[in-house]
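K.L.:
Spelled out, the chains give:
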Amino acid sequence: MSRVGWIRLAVIGTAIGLLEISCRLGLIDHRVVIAPSEMVDALVQLLISGQANDQIARTFGIVTAAVLISIVLGFALGVVIHALPRLREALDPFFATYYAVPIFIFYPVMIAIFGLSAIPILLMGVATALVAMIIGTLNGLDRIPRILTKVARVHQMGKLSTALRLKLPAAAPHLFTGVKLAVSYSFIAVIASEFILAPAGLGRIISDAYTDFDNRRMYALMLLLIVVATLVNMTLHTLDQRWAARRGLVKSWS
Amino acid sequence: MVVIKRAIDTLIVFAVMLLAWQALHQLVGDTALPGPVPTLQYLVRFLPTARFAENAWATLVSFFYALILSYALGLSIGIWMGVHRLSGAVGEPILISLYTLPKITLYPVVLLIFGLSTSGRVTFGAMHGVLPVALLTMNAIRNIPLVYLKSARTLRLSKGQTILTVLLPATVPEVISGLRIGFALTLLGVLLAEMFAAKHGLGFLIINAMQLLQAEEMVSVAVVLFVFAVVANALLLIIEHRLHRRV
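Line order of the protein sequences matches chains Y and X. Counting from 1, position 205 in the first sequence corresponds to residue 205 in our numbering; the numbering is continuous, with no gaps. The number in our numbering is simply the position in the second sequence, starting from 1, with 1000 added.
Hint data in this document are derived by calculation from the structure and do not stem from the laboratory. Quick caveat, the model's predicted, so the values are computed rather than measured. A virtual CB, placed ideally from N, CA and C, is assigned to each residue, including glycine. One or more hints might be untrue.
[Stated by the list, open to error] To spell it out: a stretch of chain X is covered by chain Y in this simulated footprint if at least three of its residues, at any positions, have a beta carbon under 8 Å from a beta carbon of chain Y; those stretches are:
id: 1; region: 1005-1017
id: 2; region: 1087-1093
[Said to hold, decoys possible] Partner residues are not named here, just some residues of chain Y that face chain X (Cβ under 7 Å, in silico):
id: 3; residue: Val154
id: 4; residue: Gln156
id: 5; residue: Leu225
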């Protein structure tokens, strides 16, 4: 690992260590935050007991469904919009504004329409992720070099093989950025919806544990969510950077 | 001409959205989703009431403090991490993973610390806004072309002059993008906090209206927030474009 990596590890380690010590010494009230070691212990026991398995499966199932729908639909819509420049121009302000609107204000409306079930949650996940995938697709298609179309013509390639063997790989890094954002946005939307109001799911049981003052359970579930979200997001982020670097793109954090 | 064409495009998109709303209303009925016209009628009656004013004010106050906190902290962290390369290299992945975290998970912790108070909502709003501001500010400083600094030296500019005439204008457009995203996310954070647990605010009003099956009020408040977010974003975008063109 690089020097920077070691320093980062030390910074994170120190932060967790300080929290542990403050909790053990009673500087932080255990009714507010429990020691990190206790969180890990609570999580391990919770996972062994299998009490939360249904909820975990439900939440990650909805996230997966939302991600898949967003990617497929977002890519398809992106291709269509890219083919129609007039439509794209008209939609430009819409895309520029989309993520400025706090979309959760429409979650209660979704509940009023579809009832308190998994459907409004899934829809929130798709609604937040879809546009990121569309924008990623548009960016990718924009950046296919003209020369590739000429190459295809020189080699007398068919439309399908041009699309699959030249265009798709050329657009891939930007498509992947769309996928990466779709995953993290769906995650955020599904969890947040479950927190606000849901019949079941991880967000719901964390919020229940909070209401019951069951800190061990609450922090165990929080830790689980944070670890899973961080692992998934960091993996996608690293892949994204590596892929972009290989194609000579310098990408910023977004 | 281009401006007019764009305005027409925007109007068409807007009209399509209204039609979609009306269609959805026809599909699901009055009790679930009132149509655009009844909602607007309700809105006209609802806006002057004291109940709306009180809750809108509560949201505005939380949002205002959260925004100040987001900007102050975000800019300080961003400048520090942009100028001090090592801190930037160490901190960037940490900030990115915090940025992609579903922060609502941490709201119970904020509640346990602050209780059901304005400070809790302010903290939670700021937790959302700080990260994009910090990340974009850091990027803006890192991306200053080296040739700018060299020309400043060639022209024998003093340190103060360099900052004012070279560094500031070079970074401002990207920093403004950060502030715009920070604005949107801070608003999201404050509203989420109000929707999850609060007794005041527009977020609370929406949830409350849903539970009381007052669909018109629920949709009206959503429309108000939608318009606020869209207008604020448009204004910040205009500033951003102006600055980009100038550089």
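K.L.:
Next step is simple, just say for each hint if it's right about the structure.
P.N.:
Do the hints match the structure? See the list:
Given as covered by chain Y, the region 1005-1017 of chain X passes the check, having 5 residues with a CB less than 8 Å from a CB of that chain where 3 are the minimum. Counting residues of the region 1087-1093 of chain X whose beta carbon lies closer than 8 Å to any beta carbon of chain Y gives 5, which reaches the threshold of three, so the coverage claim holds. With a cut of 7 Å, the hint placing Val154 of chain Y at the interface with chain X is violated, because the nearest CB-to-CB distance is about 37 Å. For Gln156 of chain Y, the interface hint is violated, since its Cβ never comes within 7 Å of a Cβ in chain X; the closest pair sits about 39 Å apart.
For Leu225 of chain Y, the shortest C-beta to C-beta distance to chain X is roughly 5 Å, which falls under 7 Å, so the interface hint holds.
Hint compliance for this structure: hints 3, 4 are broken, all remaining hints hold.
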